[in-house]
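Participant: What follows is each chain in one-letter form.
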Amino acid sequence: MTPGIVPPFLLDRLASTDDPRMARAAEAARKTLAMPRPARPTRARLRLSIEGDTLVAETAPVPDRVVSDAANTENLPGRRVRSEDDAPSGDAAVDEAYDGLGETYDFFWDAFARDGIDAAGGSLLATVHFGDDYDNAFWNGERMVFGDGDGDVFVGFTRSLSVIAHELGHGVTEASGGLEYQGQSGALNESFSDVFGALAEQHHLGQSADQASWLIGEGIFAAPVQGEALRSMKAPGTAYDDDVLGKDPQPGHMRDYVETTDDNGGVHINSGIPNRAFYLAATALGGFAWERAGLIWYRTITAGTLSPTADFSVFAAATLSAAASEYGEKSEEVAAVRAAWAGVGVEEDAAA
Amino acid sequence: MPQPDTANDAEGAGRFVVIVVRSGGLAGLSKQWRAEPSPEGAPRWRALVESCPWDAAAEPSPGADRYSWRIEVHHGDTAVHEARLGDTQVEGPWRALVDEVRRAAPATPVRR
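Which chain is which? The protein sequence lines are A and B, in order.
First residue of the first sequence: -10, per this note's numbering; consecutive thereafter.
First residue of the second sequence: 35, per this note's numbering; consecutive thereafter.
Honestly, I wouldn't trust all of these hints.
What the hints assert, rightly or not - Which residues of chain A face chain B? A partial, calculated answer using Cβ under 10 Å:
id	residue
1	Ser72
2	Gly130
3	Glu131
4	His155
5	Glu156
6	Met243
7	Tyr246
8	Thr249
Said to hold, decoys possible - Sample of chain A residues facing chain B (criterion: CB under 7 Å; computed from the structure):
id	residue
9	Ala15
10	Trp98
11	Phe101
12	Phe127
13	Leu194
14	Gln196
15	Gln200
16	Pro213
17	Gln215
18	Asp251
19	Asp252
20	Asn253
21	Ile258
Said to hold, decoys possible - Beyond 12 Å from chain A on every Cβ pair, some chain B residues (computed):
id	residue
22	Val51
23	Gly58
24	Gly59
25	Arg80
26	Tyr101
27	His109
28	His115
29	Asp121
Because the hints were derived from the structure by calculation, they are not lab data.
Nothing here was measured: the structure is a model prediction, and the numbers come from that model.
Backbone N, C-alpha and C define an ideal beta-carbon position, used for all residues, glycine too.
Make a model of the complete structure from these sequences and hints.
Facilitator: Structure, rendered in structure tokens:
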């Protein structure tokens, strides 16, 4: 579907409601969905591969990347410096962002046949060189924005594919109905971005679940910092332990849940709990993590039925339901997901 | 009859401290800056503080991984102002105050 101002998932939800008070809105949504959309020029690429003795040709859509340069100001979007099919710019941050967006796009297409952030081929917008010594990267609701870091602690946020995919993941969550950025639903929003940050990197490197580092933001710390990355999905709380930064505060189990009013109620802290649940499910199933555990998480987020205020327990139940729909109630996938949530104390362990 | 400790009260009443805590961001690292202006500088700092809209409600910033800000002003032992702001709210007088505090004091990490 060609993108419109009302996202398709919302139209679908409206069109299918049987609430009599919404009858007029439902009818309008059905008409909108049925209306022919104006043709939009689309581009595709041909991919050739060899499977056994067979030459396989397949077409795949291509991303539409636009990278802008804020020239160390905080003015967005900045000057457009590299668009789709442009040659490398020679600016490392610009080219890292461009390549990272492409690798993340490829991951979402190959794993879930998702065509970009809005699932409709919309542009992937990014701005680099944001702010002065700016120690952050963020999603502003429209674009991904990357600072250069201060040089002492952070050396640039575009160096890590997991960071670029994390920011793009926030766009996917928002386009899928969103998770309110506060408390447990906010920590789930953060965790989803870490999950797809890690999976995009594993997909790019061709790594299976047991080969992967499960680190988020590897390579963005300056050399003197005592730490491997921002977060570890495998072992939350162990990513760094540094004189200046302190120790990684992430819990990996509900018994260590951190109550705080800062950071929107600890969204970057308590995300360690669902992060580890994903790691446990993915490594129990083995193979490429995006194929089964990743698909279950993706279906959970994009089904259009998850409440934006879901807490960990509601989300855990939704992943079990998605796993059962995809693989059956008695499947090893359902068992692995159930054991994963029990392993982090969100669900009771039936075997205990 | 106990007499008030005027010297300590005066000192306590005169202390003027502005604290800025920045949390969140992609890294989820919290930093704190604490400025205690000299008596000579206090009038200028008070003007900066009073120019901020302390009663305005916090507005969440759109998107994700934005910074969250907490700004506190203490006179002696009493907290006279506290505001929680989304990243996009830190502009105009808030930005002037935050920048001044950050210039006046080195950051310290907030340990949990």
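Participant: Using Cβ atoms only, decide whether glutamine 200 of chain A comes closer than 7 Å to chain B, and label the hint accordingly.
Facilitator: Not OK, violated: glutamine 200 of chain A not within 7 Å of chain B, min 25 Å.
Participant: Was the hint right that glutamine 196 of chain A lines chain B, CB cutoff 7 Å?
Facilitator: violated (23 Å)
Participant: Is the interface hint for asparagine 253 of chain A satisfied, with its Cβ closer than 7 Å to some Cβ of chain B?
Facilitator: holds (6 Å)
Participant: Does the closest beta carbon of chain B sit nearer than 7 Å to the beta carbon of tryptophan 98 of chain A?
Facilitator: violated (22 Å)
Participant: Minimum Cβ distance from proline 213 of chain A to chain B below 7 Å?
Facilitator: Proline 213 of chain A check fails; min Cβ-Cβ to chain B is 15 Å, beyond 7 Å.
Participant: Checking hints one by one. Is phenylalanine 101 of chain A an interface residue toward chain B, by the C-beta closer than 7 Å rule?
Facilitator: violated (20 Å)
Participant: Quick one, is the methionine 243 of chain A hint okay against chain B at 10 Å, beta carbons?
Facilitator: Violated. Min distance 17 Å.
Participant: Close enough to count: is the Cβ of isoleucine 258 of chain A nearer than 7 Å to one in chain B?
Facilitator: holds (6 Å)
Participant: Holds or violated: aspartate 251 of chain A as interface residue toward chain B, Cβ cutoff 7 Å?
Facilitator: This hint holds: aspartate 251 of chain A lies near chain B, its Cβ roughly 4 Å from the closest one there, short of 7 Å.
Participant: Under 7 Å, Cβ to Cβ, is where phenylalanine 127 of chain A needs to be relative to chain B, so tell me if that hint holds or is violated.
Facilitator: The hint holds - phenylalanine 127 of chain A has a Cβ within 7 Å of chain B, the shortest such distance being about 4 Å.
Participant: Would you settle whether the hint for tyrosine 246 of chain A is holds or violated, based on the nearest Cβ-Cβ distance to chain B being less than 10 Å?
Facilitator: violated (12 Å)
Participant: Classify the label on glycine 59 of chain B as holds or violated, using whether its beta-carbon is more than 12 Å from each beta-carbon of chain A.
Facilitator: Answer for glycine 59 of chain B: violated, closest chain A Cβ roughly 4 Å.
Violated hints, in rising order: 1, 6, 7, 9, 10, 11, 13, 14, 15, 16, 17, 23, 24, 26 and 29; the structure is consistent with all others.
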